[in-house]
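Visitor: Residues per chain, in single letters:
Protein chains: 2
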Amino acid sequence: MTILAVDCMGGDHGPGVTLPACKAFLEQHPQAQLLLVGQPEALNAFSHERARVVAATEVVEMHDAVEVALRKKKDSSMRVAIQQVKDGAAQAAVSAGNTGALMALARYLLKTVEGIDRPAIAYPLPNAKGGATTVLDLGANVDCTEQHLLQFAVLGSALVAALRNDDADPSVGLLNIGEEVIKGSEVIKRAGELLRSAAASGDLNFYGNVEGNDIFKGTTDIVVCDGFVGNVALKTSEGLASMIGGFLKEEFSRTPLTKLAALVAYPILSAFKNRVDYRRYNGAALLGLRGLVFKSHGSADAFAFGQALNRAYDAAHNNLQGRVQARIAHARPLLAAADASAGEAVTP
Amino acid sequence: MTILAVDCMGGDHGPGVTLPACKAFLEQHPQAQLLLVGQPEALNAFSHERARVVAATEVVEMHDAVEVALRKKKDSSMRVAIQQVKDGAAQAAVSAGNTGALMALARYLLKTVEGIDRPAIAYPLPNAKGGATTVLDLGANVDCTEQHLLQFAVLGSALVAALRNDDADPSVGLLNIGEEVIKGSEVIKRAGELLRSAAASGDLNFYGNVEGNDIFKGTTDIVVCDGFVGNVALKTSEGLASMIGGFLKEEFSRTPLTKLAALVAYPILSAFKNRVDYRRYNGAALLGLRGLVFKSHGSADAFAFGQALNRAYDAAHNNLQGRVQARIAHARPLLAAADASAGEAVTP
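Same order as they appear, the protein sequences are chains A and S.
For the first sequence, the numbering used here assigns the number 0 to the initial residue and increments by one for each residue that follows.
For the second sequence, the numbering used here assigns the number 0 to the initial residue and increments by one for each residue that follows.
Rather than coming from a laboratory, the hints here were simulated on the basis of the structure.
Check the hints yourself; a few may be wrong.
Put simply, identical chains are the same to the list, so a pair is met inside one copy or across any two.
Stated by the list, open to error - Here are the computed lysine-lysine pairs in the PhoX-like style, where the Cα-Cα straight-line distance is at most 20 Å:
(1) LYS248 with LYS216
(2) LYS128 with LYS248
(3) LYS272 with LYS128
(4) LYS110 with LYS73
(5) LYS85 with LYS73
(6) LYS258 with LYS272
(7) LYS110 with LYS85
(8) LYS216 with LYS128
For reference, chain A alone in the conformation it holds in the complex:
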């Protein structure tokens, strides 16, 4: 039995979206149980034998500062959902609330795994091979060191292996501005060296440097970068996809004749739309914590929120937490050596 704690109040829409998604999820997963966290008056109408309400009186709003979530709203649905994971009542928490608050609360309540300095957020992006490329970090860890990038690679590998539930070691690319080893900033060059050592010692399946276009080509299963670069890549992609979608719509609705053509082309356009539908890839993992937390887009609809639930379920069911910890334990000598050499580098 896999139990998820769901922050039912989070996101732009709250229970109006989370409850229908929970209902569909329970129907699809006979082995799953849900803890519906939130204000009982908003949730009590929901009834299912494998779900029960866990009361939380407060709600972290989308615009709340991190400090408010951490210090003021101590009985928020977001916090109580994470607490369920900490207490062992659930294997993963899912929230569509404010990313900064979720990250801060998760880090405060669950703490990072030994060997990991900073948790990372891993996003799956669709690729031309029909699968997804997992990009991390997107958690706004700016100014990362090479050790952080190595940690992200280890975390991402554990995530992808768990979601696939197979033994093949997923491939990792280091996001850079050229394939050659000599390219990039000093941090990136040193990260490349660490990742090559990790590959040599069998801790990682490191492919080498990749460039921005490799994310959508699907050259590697995982692309590692700092949170600044990752955020720019993600947001730029969203902007471009939205512009292209807008242009396509405009062209097909220009005249009565083009509207007629749109009718003829409708099944094709909707198959196309389905393939580029970002909702299918909703559900980012907060990695490196002593418990599983998944983040849905704030604006998710019930379908998209359901995808985040599915992802959390697969991760929990396939023991992502155990895999992360085993991988990190295995890579510990490497991570420790990387930290030690960083220490040396700053000591004259």
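With chain A fixed as given, assemble chain S onto it according to the hints.
Guide: Relative to chain A, chain S alone:
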């Protein structure tokens, strides 16, 4: 009369692409003259009263290292084309050759303008408003300081004003991971402060922080970032556009019925394709040098190479070089103050 020096041998295709583009360009611009730089046997067949061949015996190949272009091939078409600008025989040089070599040669031969530490490459990307957003740097200036970002903002403003040839001061956004002033790395926060001072003293029309999606939204005329982030944003966009194009093509060619629908939708699809055609935006400016150099995509066809010629012509015709120098002269107290405060910051 505006004179351009064209590296006719550069790029993936050489004279097979550059000469037809030159021919069309001369027909469209009765005020233009061209210096066709390259191996005379490859160019002598071209005849036009406003074009003449300038001989250069060597060619910088796409895979040549920067050192080869700088130290070995001293009579390359790329180098001789830039030399024409240095000698005052042409107002701008255009090449589709190897970017690293072009940047190195341009910097070596022309030198940077006083007040500018590093030249930058500015790329126009199409935006949802139907115009283009100019993004810089894409010239692989990794590890930029806040002073460099300020310089890029000044250079980009001069470029956009010259290409538009109007007096409205183009707006500048600082690429960041959130709109709030407190977001981003330390360099980005300090760059924000410098840009706000520049706006306060009337040197720049600074909008504030922008995010990746604002590039394609067209929120500002110019987006400033370091070369690493810019390169990732550009390549990621290329990867996504190519994936989306591939999906659309696949869906329309899936069955005889969808192929029929593609025929019906053909005029719409081709209008759409035209709107997202990156070839229309070909022609990046190398900025901050004591002379104008434009870079075409290496894989450009004659239409795309012609766009790079058009852009170089507009820039030269509208006195981009004078505008850059005037803007920098005007901003000199600001640039100097920024450098001085950087000096203070590193002095204990």
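Visitor: With identical chains, the pair LYS248 and LYS216 could be close in the same copy or across copies; at 20 Å between alpha carbons, which is it: within, between, both, or neither?
Guide: between (25 Å within a copy, 16 Å between copies)
Visitor: Up to 20 Å between alpha-carbons, please classify LYS128 paired with LYS248: within, between, both or neither.
Guide: between (25 Å within a copy, 15 Å between copies)
Visitor: At most 20 Å between C-alpha atoms: does LYS216 with LYS128 qualify within a copy, between copies, both, or neither?
Guide: Within one copy, since 7 Å is at most 20 Å while 28 Å is not.
Visitor: Under a CA distance limit of 20 Å, which applies to LYS272 and LYS128: within one copy, between copies, both, or neither?
Guide: Within. Shortest intra-copy distance 16 Å satisfies the 20 Å Cα cut-off; inter-copy 22 Å does not.
Visitor: Taking 20 Å as the upper bound on the Cα-Cα distance, should LYS258 and LYS272 be classified as within, between, both, or neither?
Guide: both (17 Å within a copy, 18 Å between copies)
Visitor: Indicate which option fits the pair LYS110, LYS85 if close means a Cα-Cα distance not exceeding 20 Å: within, between, both or neither.
Guide: Within one copy only: 10 Å inside a chain, 61 Å across chains, cut-off 20 Å.
Visitor: For LYS85 vs LYS73, is the C-alpha pair at or below 20 Å within one copy, between two copies, both, or neither?
Guide: within (15 Å within a copy, 68 Å between copies)
Visitor: For the identical chains here, do LYS110 and LYS73 meet the 20 Å Cα criterion within one copy, between copies, both, or neither?
Guide: Result: close within a single copy only, 17 Å intra versus 60 Å inter.
In summary, the structure agrees with every hint in the numbered list given earlier.
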